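Undergrad: Given the coordinates of chain A, assemble chain B onto it according to the supplied hints.
Residue numbers (numbering that gives the first Met the number 0), protein chains in the order written: chain A, 0 to 590; chain B, 0 to 590.
Just to be clear, a hint being listed does not mean it is correct.
Which copy? The list can't say, so a pair holds if one copy fits it or any two copies do.
Said to hold, decoys possible - Below, simulated EDC-like cross-link-like pairs (lysine to aspartate or glutamate); rule was C-alpha separation at most 16 Å, straight line:
#  : residue 1 : residue 2
1  : LYS10     : ASP188
2  : LYS10     : GLU217
3  : LYS10     : ASP197
4  : LYS430    : GLU403
5  : LYS513    : ASP545
6  : LYS4      : ASP197
7  : LYS10     : ASP22
8  : LYS430    : GLU190
9  : LYS6      : ASP47
10 : LYS395    : GLU18
11 : LYS285    : GLU532
12 : LYS6      : ASP188
13 : LYS6      : ASP197
14 : LYS133    : ASP172
Hints are computed from structural coordinates only; laboratory data are not their basis.
None of the values given here were measured: they were computed from a predicted structure.
Number of protein chains: 2
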Amino acid sequence: MRAAKIKDRSKLIRAAMGEIPCDLTVRNIRFFNVFTGEIYPAEVDVLDGFVVRVREDGQQAPLVSKSVYDGGGNYLVPGYIDCHMHVESTLLIPENVSRAIVPWGTTTVCTDPHEIGNVMGVPGIRFMLDNGRKSALRHYVLAPSCVPAVPGLENAGAVFLEKEISELLEMDDVIGVAEIMDFIGVIHDNERMHSIVDAGIAHDAYLQGHAPKVSGKELAAYRLGGPVSDHESVSAEEVREKLRNGLHVNLRVSSLVSNIEDLVEGCADHPWQDFVSFCTDDVHAKDLLTVGHINYVLRRVVECGIDERIATKMATLNAAREYGFEDLGAIAPGYIADMLVVPDLRGSRPAAVFIEGRLVAENGKYLGGDRMEEKFETDNTVSIPQIESADDLYLKVPEGYTGETICVNVAVPIPGGKGMRECVPEELPVKNGKVDLSGDPSLAYVACINRHGLRNKTVAVYRGLPLMRGALASTVSHDSHNMTICYRSPEDAFISCRTLASCGGGISCTDGGKETHLTLEIAGLMSRKACREVSDDIDRVQAAVDGIAPQGMSLMTPAIMSLPVMPGVVVTDVGIVDGRTQELIGCFPDL
Amino acid sequence: MRAAKIKDRSKLIRAAMGEIPCDLTVRNIRFFNVFTGEIYPAEVDVLDGFVVRVREDGQQAPLVSKSVYDGGGNYLVPGYIDCHMHVESTLLIPENVSRAIVPWGTTTVCTDPHEIGNVMGVPGIRFMLDNGRKSALRHYVLAPSCVPAVPGLENAGAVFLEKEISELLEMDDVIGVAEIMDFIGVIHDNERMHSIVDAGIAHDAYLQGHAPKVSGKELAAYRLGGPVSDHESVSAEEVREKLRNGLHVNLRVSSLVSNIEDLVEGCADHPWQDFVSFCTDDVHAKDLLTVGHINYVLRRVVECGIDERIATKMATLNAAREYGFEDLGAIAPGYIADMLVVPDLRGSRPAAVFIEGRLVAENGKYLGGDRMEEKFETDNTVSIPQIESADDLYLKVPEGYTGETICVNVAVPIPGGKGMRECVPEELPVKNGKVDLSGDPSLAYVACINRHGLRNKTVAVYRGLPLMRGALASTVSHDSHNMTICYRSPEDAFISCRTLASCGGGISCTDGGKETHLTLEIAGLMSRKACREVSDDIDRVQAAVDGIAPQGMSLMTPAIMSLPVMPGVVVTDVGIVDGRTQELIGCFPDL
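Isolated chain A, as found in the complex (with noise of 0.2 Å):
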């Protein structure tokens, strides 16, 4: 597969054979040499965005470039590629992810839409590809397999079968399914991703893996189901045996999991690692204003031990070869020039970027080099008509119920469960015809709110939040990204609520009335502000989060609480679900 189409092939042979100039050239610079391990002096030339030639000290160019980049005497390495990320997880949007990632030396990301397109489906989708060609990133679209991720437990703004697979894979720049993450699903062979799967062969499509404590004769079920990757090792065995199997294995390090340091210590001691290569997966805006991208992956994998040159063949070459790519990942003769001045092999910040020959960063600062201007309009996705007041966010008891008190399915820790909850009936009292919390400081609301046009919405109590007061309302809620808000006050929720139907979506955050938000006004998920603006904004909305809850809390914290693949209690919009059992739970054990 090519990355890119040369347009005069003819034109490229003549500038090699010396015939014409070229459009630059990248001098004094210590070449490393992806394909040999070789590291020596030499000079670049490159035109039309391709490589036409890497001249070894002592050859001269025939003819002098357009333009001469002098590296200072730094190594000149390929663009680095990230074989899995999510660019909704950044809270940006596709253009502002190349703005932010391009300086740190990514030049070519494999996206996965998984959250937008849970929201809007395939035009959001259609959405990240246009915008994505705005900027001078590369920006390859995986098309989501699990849309919903659980269906009958959740619902999403779409539902991606076999037809809609095919429907992506057939666009330009669509080049594989994105992690197939319904493990089970594969494993057990059921009729989604059996066809969703057909789909990706009949495309001759990449498959990616999503298969965490994935062993043995599940693991060679689920690699002879289709995928040929996986990024979700918890342990040094986990990913030797992927690698024995055949799988890719992405190293991850993204702003969630920190693990890496296992990961290594599972292909450290193999004579080679042909089938490594690095993702981010989940990074936040302000990992990306601070420590970096595939650059910070490249730099955490060194530290743990392996060959410096070996990890960035992992960064380029192995990942270009992963994805099938024959003119991405190197530096050579015919291969696409995207390239980066660096001061060493271990992550450092690029003192130059090139993507396509053009110099589209320089220390640090994104210098454009953008493909495209293009406006572009997106609906408001939050339809929530079914909340119209405070009234609908409180616990009600079933019409007809007398008692003073009622039992109540709580959510509460699991003792050593590191986080998850499971459900225990407690009695609550009643008052007004409402569960009626206010006595107990240590209960909280958590709702769920279909915002796709469903009109549902569930209502649960959970206990040992760290909430005080206030609400904490999201439109990033995973995976159906339905409005969740975890509330002591049901009249702050609804004002969260509101501001968050009005502006399109975000995190809201208020407290007696007092109301902070961050506005993602695409698909509710994103934002249309630079990097460093929305990592204020997310400054700012946790200031307000941690006025309700002084103990700690992320503003994040109900991206996860709908989440039905998490093994314990969560609050869908079709209810309570025990992600251990697949189950719904009543809200009243009683009744």
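TA: Leaving out everything else, chain B in the frame of chain A:
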């Protein structure tokens, strides 16, 4: 790209989960994992030709497989892949090549049917494809890129331009464009090569290179022109430069060329060799009987100092990835079960060979496992009506010429020219209107007779051939495979000529009327006989050649006397050609 379609994925998944039994388990083996470089005890389960699971020590199969093969404590490695070979060079048809090489462990060959393409055009390629499907071997074909090799200086039986290449690339099992040996044409971007590469790119095909001694700006231009590999290096420096430029390097050990020490030196000190694989190019039947095939390349490479695990990876996974195969070159769930039970990793003959899970060879014996029974007919491709008598094989002086001698351009060895020749004018006697060589035993005739229906021929005079009397004729004569004869006696030459015309081609030696020949009835290039019989036939004809050339001359001598890419004088059906200048030379310089 997948080499084989999984017919029933659900069945494989169920087998992995232990719900249904597998076809085969190979047990008691030391498993070589080509992804991780590890060696460990394991058992391998196979169903429907695919690897279902590799069970490490202690993991029991849930169900016993239908058959169990005891590996006797040997290693289990993936089947070897030959990245480039000409089946025709063996003088065997594909199904018999299979019977000869499968017992040595080669399970996949990527062949260039360049020779039969030059003789029979597209139908010849189709014959190779069809016949290659009969036997167990996985036989891929690449579309010959240079038919004819040197347009204008020779006439072949076919011309392949963009249209024919496209037609071939549409066929099943045609996976690329074969060695693009007109590197001058690529570098100077001539229309023929440009359009043939265009056809390859349009089909996303592998573009095989062939660029001996091409270096510097020419190598960059060649790579930009399309080709992604090379197998023609003559030195360590050449291997190194080609790898640095991103070309896949196929280390070659053929029956003709032996410089593997130099080739290995060009990559041995690199920290990785991902872009290095193996090929045999041209192998003679006798070598297939005695030294082997890709296993022999492996042995030689290990002898040259490459770690045997790395060498085994070159012969398997590296080769598969060079071609973009995702299911060949390794033993893991979902991979095609091409596997070898071998006593060591140094190229010794396998104890057992499995292709798609079928035991197809054991201890050197081919066991069949053929894919189809099919008879085939081929036409006699030798058409030489222009030779009606021995008289037609004399060198005649121009009509009306009355001198007693005539100045003739005689092809004589270039001093220090490694067997190459140049033309030097000499006065030779004339008798009955013919140049008379009878008085000078160091002179001989060389004739090239078009056998593809054009009725033309060339007769030239050579000095210093080791031929004392008689004639040696062959329809194996690169690249157009016209009939080439070297002879002292036109009468003997005529006998050989008629014999080959009537039997459909081959190699014939006649000594004073006594004729001995080897029939190559398939396109005048290949025999239907098995490897050992062909080898015996070769010995028999070589013994006859030893009679007419006591100082020693190979029966294959005519095969390169008509090859205009040689850097010296050759004789084609068009005339005497100086391969250095690519110009025709008149026979009589003064006329």
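Undergrad: Run every hint past the structure and note whether it holds.
TA: Here is how each hint holds up against the structure:
Proximity of LYS10 to ASP188 under the C-alpha cut-off of 16 Å is restricted to the inter-copy arrangement: shortest distance 10 Å between copies versus 51 Å within a copy. Taking the shortest alpha-carbon separations for LYS10 and GLU217, only the inter-copy value of 14 Å comes in at or below 16 Å, while the best intra-copy value is 52 Å. In the homo-oligomer, the alpha carbons of LYS10 and ASP197 lie at most 16 Å apart only across protomers (15 Å), although the nearest pairing inside one protomer, at 41 Å, exceeds that limit. Taking identical chains as interchangeable, the C-alpha atoms of LYS430 and GLU403 lie at most 16 Å apart only when both belong to the same chain, with a minimum of 7 Å there against 134 Å between chains.
With identical chains, the CA atoms of LYS513 and ASP545 are at most 16 Å apart within one copy only, with a shortest distance of 14 Å there and 106 Å across copies. In this assembly of identical chains, the alpha carbons of LYS4 and ASP197 lie at most 16 Å apart only when taken from different copies (12 Å versus 28 Å within one copy). In this assembly of identical chains, LYS10 and ASP22 lie within 16 Å of each other by CA distance solely inside one copy; the values are 12 Å within and 55 Å between copies. In the homo-oligomer, the alpha carbons of LYS430 and GLU190 never lie at most 16 Å apart, since the shortest distance is 48 Å inside one protomer and 88 Å across protomers.
Only within a single protomer do LYS6 and ASP47 lie at most 16 Å apart by alpha-carbon distance; the minimum there is 8 Å, versus 44 Å between protomers. Taking CA atoms no more than 16 Å apart as the test, LYS395 paired with GLU18 passes in neither setting, with 81 Å inside one copy and 49 Å between copies. Within a single copy, LYS285 and GLU532 get their C-alpha atoms as close as 10 Å, which meets the 16 Å cut-off; across copies the closest is 75 Å, which misses it. Taking the shortest Cα distances, LYS6 and ASP188 sit within 16 Å of each other only across copies (15 Å), while inside one copy they are farther apart (44 Å).
With identical chains, the CA atoms of LYS6 and ASP197 are at most 16 Å apart between copies only, with a shortest distance of 12 Å across copies and 33 Å within one. For a Cα distance limit of 16 Å, the shortest separation of LYS133 from ASP172 inside one copy, 13 Å, qualifies, whereas the shortest one across copies, 40 Å, does not.
Violated hints for the displayed structure, listed by number in ascending order: 8, 10.
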